[in-house]
Amino acid sequence: MTSQAVRAGLREVKPILSVDNEEARKRVLNLYKAWYRQIPYIVRRYDIPRSEQQCREKLREEFTKHKDVTDIRIIDMLVIKGQMELKETAEVWKQKGHIMIMCYKLLINRRNFNICSTIKSDSKIIYLRVLFSYVNYFFI
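Residue 63 in the working numbering sits at position 63 of the sequence shown, with consecutive numbering throughout.
Keep in mind the hints are simulated off the structure, nothing from the lab. Careful, some of the hints might be misleading.
Stated by the list, open to error - Keeping only pairs whose Cα atoms sit at most 20 Å apart, straight-line, the calculated DMTMM-like set for lysine to aspartate or glutamate is:
no. : residue 1 : residue 2
1   : Lys26     : Glu52
2   : Lys14     : Asp71
3   : Lys96     : Glu57
4   : Lys94     : Asp68
5   : Lys26     : Glu91
6   : Lys33     : Glu85
7   : Lys26     : Asp76
8   : Lys81     : Asp47
9   : Lys26     : Asp68
All figures in this text were calculated on a predicted structure; none of them were measured in a lab.
Start from the sequences and build out the full structure, keeping to the hints where you can.
Listed below in structure tokens is the structure:
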């Protein structure tokens, strides 16, 4: 009975896209390069009040946030989500507000706001706090 449970726990899981770490690494680098190339177009199309350099810093921050992930299946899922986000952004399926929330999180981190403590509360409150902070920062 116990040996069957151990064997079931040790079975090999199928990869999603990548077969090994090197292939997953290549996929991540290709995604990073694709985002990096799209940043000038994103800044112009969405007319966001951020420089390309600030957006590139945010891109680097988002990728380094997941630097400790080692499971190939999780890496593949993050790459798939990143590709979907890139497609939605490049095809202008998102609105300017969605892009500004992503870019504004960099500013929040720089100004040492602690938004993580309010994540347990309602997500609408968090969105409104970020939105009103953005409005106060740029228009007052």
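Hint compliance check: list the failing hint numbers for this structure, sorted ascending. Hints 1, 4, 5, 8 are the ones this structure does not satisfy, whereas the remaining hints hold.
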